[in-house]
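Visitor: Our numbering applies: residue 59 is where the sequence shown begins, and numbers increase by one.
None of these hints come from the bench; they were simulated from the model.
Small disclaimer: the values here were computed from a predicted structure and weren't measured.
The C-beta atom is built at its ideal place from N, Cα and C for all residues, glycine as well.
Be a bit skeptical, because a hint or two may be false.
To be verified - Below, a list of computed lysine to any residue pairs in the SDA-like style, where the Cα atoms sit at most 25 angstroms apart: (1) K174 x G77; (2) K400 x R482; (3) K174 x S228; (4) K174 x T256; (5) K174 x R109; (6) K400 x W491; (7) K400 x P335; (8) K174 x R225; (9) K174 x S262; (10) K525 x V475; (11) K525 x V476; (12) K400 x S340.
Claimed, not checked - Per label pair, the in silico range of CB-to-CB distance: (13) S531 x P132: 52 to 60 angstroms; (14) R161 x L329: 52 to 60 angstroms; (15) M187 x S310: 24 to 32 angstroms; (16) S449 x V96: 25 to 33 angstroms; (17) E512 x F186: 47 to 55 angstroms; (18) T75 x A104: 12 to 20 angstroms.
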Amino acid sequence: MGGVARVIQEVGDQGSTVGGHLTLLHRGVSPDDPLAAVLSRNAVTAGADTRIRFADQAYEASFNVGITHIDGDPEAIAGFQQRNSHLFQRVDQTESPLDATRRALDGAQVTGRFNKLAGRHWLWNASFMIESPEFEPSDFGRLNFAGDYTARAQLTYRETVPGRFLRAFSFGPNLSHYSYFDRSLGNRYNVGANSSVTFLNFWSTSFNATRYFRGQDAQLTRGGPAMGVPLGWSANWSLRNRAGSQTRWSGSANYQSNELGDNTWRVGASLSVRPSPSLQLSVEPSYRNEHGTRATFSGPINRQYLTTLSGGRPETFGNRYVFGLPDRTTLSMRLRVSYTFKPDLTLDVYAEPFAASAQYDAFGETALPGARDLRIYGEDGTTISRLLDGSYVVTDGDATFSLRNRDFNIRSFRSNVVLRWEWRPGSTLFVVWQQNRESFVAQGQNVGFGDLFESLTATGDNIFAVKTTLWSSK
59 MGGVARVIQE VGDQGSTVGG HLTLLHRGVS PDDPLAAVLS RNAVTAGADT
109 RIRFADQAYE ASFNVGITHI DGDPEAIAGF QQRNSHLFQR VDQTESPLDA
159 TRRALDGAQV TGRFNKLAGR HWLWNASFMI ESPEFEPSDF GRLNFAGDYT
209 ARAQLTYRET VPGRFLRAFS FGPNLSHYSY FDRSLGNRYN VGANSSVTFL
259 NFWSTSFNAT RYFRGQDAQL TRGGPAMGVP LGWSANWSLR NRAGSQTRWS
309 GSANYQSNEL GDNTWRVGAS LSVRPSPSLQ LSVEPSYRNE HGTRATFSGP
359 INRQYLTTLS GGRPETFGNR YVFGLPDRTT LSMRLRVSYT FKPDLTLDVY
409 AEPFAASAQY DAFGETALPG ARDLRIYGED GTTISRLLDG SYVVTDGDAT
459 FSLRNRDFNI RSFRSNVVLR WEWRPGSTLF VVWQQNRESF VAQGQNVGFG
509 DLFESLTATG DNIFAVKTTL WSSK
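Turn these sequences into a full structure, and let the hints guide you.
Guide: Here it is as structure tokens:
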């Protein structure tokens, strides 16, 4: 049983807005139910927000306060404390906040934002967010880490009066800060710059760049010691034509890299065509290639957490926090067709062939708490060999352990065909055909565009559905 209540009130000529919400959830888990050791029995979220504009609507301040409460059996609450949003069990803490006897968690979040909305040239904004370690972000629909402070500031210079070569442009720097309630983790910073240009023909382009500085990340080892994150940077570029054009197109590119030599390329495009008033076609291809890089708030990080094994060195608290350096490739293409036979009869088609692959070039484990580099297997007195089934055997002194094969090639095809007929005013008939096709091979060969077409022949399901609604009035 759950419930939601919300209230919004607008006050005065300055544009003030006040709002709030409350959500209550009772899961109905009996004491003898096995789910009692996994799920909370009750969950409560409440929030209040306000937005105030002043100085003739030129400035705006907004604030939000949220609270979360969960309760249940100690086993369930202990599980919540060890989720990746909390990690109370982190082994390198002087005093662990994990309490296996707790029956409830109560947390709070505070956010604020200040904006300069109007001005001839200069605009700015600044924001902050504080979440207590016990705050449950998933109950607010997010997957971020609790127990941290974040702040961001941005300055923008803009020109909106058309000139000889440009219709408008803007540029400006930004600064982000990230830190934890656990002060031993220190601070992290990102510095970036954003720019955009609109040409006289209404084409527009943008370019953004970000520099990620070194710091500590509490989440990478999933409860193990914090790890260092390297210097990194990213750049984004996009170009699109006039928004009101009958034929619309766009293109984008993204590059990420770090001081350890890992990199990611992403490119994408879109094309939308309306050859007649009743027909619209669109296609959106995308390509991504990653060499050991995963992007987080910390920047591009050259490691993918795989598992935690016992039997590690004392420096890593007797465990091995194992990571892999993958070479990943992803291809996808979204296709849409919409045809209107007449106002009450339409056909919509959506299809997306998809292909992805990953091959791990190396494996390693956390070298030291707080270190950025991994202790790569095959170095530092260790050996690694691959077996015929694709798995690996690693030796480290007298210890021997195995790692399963994680390479893969995936092809999938998803499509929906929907015929909609409003056979009388307010009464509609839907005829739907859906395909779900997928194939998986434990190999790591880089995929190409041919794999997109091969996804059409993968095994899968065909689902047909017919639905109708009837409107009756007296």
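Visitor: Taking the earlier hints as the rules, which of them does this structure contradict?
Guide: Checked against the structure, no hint fails, so every one of them is satisfied.
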